[in-house]
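Enquirer: Starting from the given sequences, assemble the full structure and let the hints guide the process.
Residue 287 in this note's numbering sits at position 287 of the sequence shown, and the numbers go up by one each step.
It is possible that part of the hints are untrue.
What the hints assert, rightly or not - Each pair of labels, with its calculated beta carbon distance range:
(1) D80 to R327: 50 to 58 Å
(2) I254 to S275: 15 to 23 Å
(3) Y28 to G274: 42 to 50 Å
(4) H190 to D80: 20 to 28 Å
(5) W25 to Q189: 55 to 63 Å
(6) E281 to N244: 40 to 48 Å
(7) Q189 to F52: 33 to 41 Å
(8) A185 to R117: 20 to 28 Å
(9) Q186 to G206: 27 to 35 Å
(10) E35 to G72: 21 to 29 Å
(11) E277 to E242: 24 to 32 Å
Treat the hints as calculated values from the structure; they're not laboratory data.
Quantities reported herein were computed from a predicted structural model and do not represent experimental measurements.
All residues carry an ideal CB built from backbone N, CA and C; glycine is no exception.
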Amino acid sequence: MRELEDRDWIYTLSRHRGVGRKTLWAIYEEKRSFEPPYNLDWLGRRERDRGFLTGITAKQVYEEKVERKRKGIQFITYWDQEYPDHLREIPDPPILLYYRGNLDLLRKISIGVVGTRNPSAYGRDACKMLVSSLAKSGMVIVSGVAKGIDTIAHQTALQHQAETIGVLGNGLDQIYPAQNRLLYAQMAQHGLVISEYSDGTAPKTGFFPERNRIISGLCWGTIVVEAAAKSGSLITARYALEQNREVFAVPGSIFAKGSEGTHYLIKEGAKLIGSLEDIIEELPYHLQATFQKKPLDTEAMHLSAGERALLSSMKENSLHIDEIKLRISKDFQKDFHIFLLLLVGKGLIEEEAGQFYRRREV
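Expert: Here it is, written out as structure tokens:
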């Protein structure tokens, strides 16, 4: 039997239902290794867990190692070089992270975007506007792949060919919510999806607050777009503060229940934001120039004649979709909506509320 590493023991231990990260950390603190035997005195009366820990064998660990490689299950541990340094800094770091996608994204400067699962039209528009600006600046967008603001943040990032990380509160083989199956696949291919929960772990209410500490821990700052007074997004903001990270909040109407949480954060010291510049100025000075809005090279994009005609018909002020269509030649009106979507996807035109569009300065 080939030699086993600590990470192999961690994998098998973590898959047992009664062995969480606190147990794993206790094992490590006791002996600086994960290979048995273990001191079980601190386990108290949890006989089921005692039985598992006393019965675990090298043969079992090796067989699970072979099986995970066959299934293509990938993970990193706290002690691996690929584990992000800024996540090591938080008070309760995950001991391992399962992943699908581009692990290099964990080394890049990223920002968290969170909010309600039931956003208003204002919240959706604010999220799209901020994330599109952040995406064009080159920052990695991190969120939780939940309904609402999370989904909008990931989708907007992908639409602008930006990098995005999804942090799950369940195993990577569990798609939750089910409606995000396509989004999940796109992120695994073009971004990164991570979880501290092993395959087969279904989503549970208690897992989502734990997931939130990873979202904030990966990022230098977290934006709360729209949140009610008791929103789970406030948990993410609290974690961010405990981890000495920046917290940003988008203001809303004083009459909107869905903005009570963000208004509370602002009163407590979160920075009120309304633009990319509000966020960038909080970055360390030596990084600010890196994330300013980048000019676009339209020549390198090889625009079609229809795309060029539509783009040249627009000024920098907002125009309604009907007005834009009237401005272009009849030769291109048949495929007008296709050209418009292509230009939005390439980041040359920005979509605003009410079917208005604005040409981006280049």
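Enquirer: Hint by hint, note whether the structure agrees.
Expert: Hints versus structure:
no.: 1; hint: D80 to R327: 50 to 58 Å; verdict: holds (55 Å)
no.: 2; hint: I254 to S275: 15 to 23 Å; verdict: holds (21 Å)
no.: 3; hint: Y28 to G274: 42 to 50 Å; verdict: holds (45 Å)
no.: 4; hint: H190 to D80: 20 to 28 Å; verdict: holds (23 Å)
no.: 5; hint: W25 to Q189: 55 to 63 Å; verdict: violated (33 Å)
no.: 6; hint: E281 to N244: 40 to 48 Å; verdict: violated (18 Å)
no.: 7; hint: Q189 to F52: 33 to 41 Å; verdict: holds (36 Å)
no.: 8; hint: A185 to R117: 20 to 28 Å; verdict: holds (21 Å)
no.: 9; hint: Q186 to G206: 27 to 35 Å; verdict: holds (28 Å)
no.: 10; hint: E35 to G72: 21 to 29 Å; verdict: holds (25 Å)
no.: 11; hint: E277 to E242: 24 to 32 Å; verdict: holds (27 Å)
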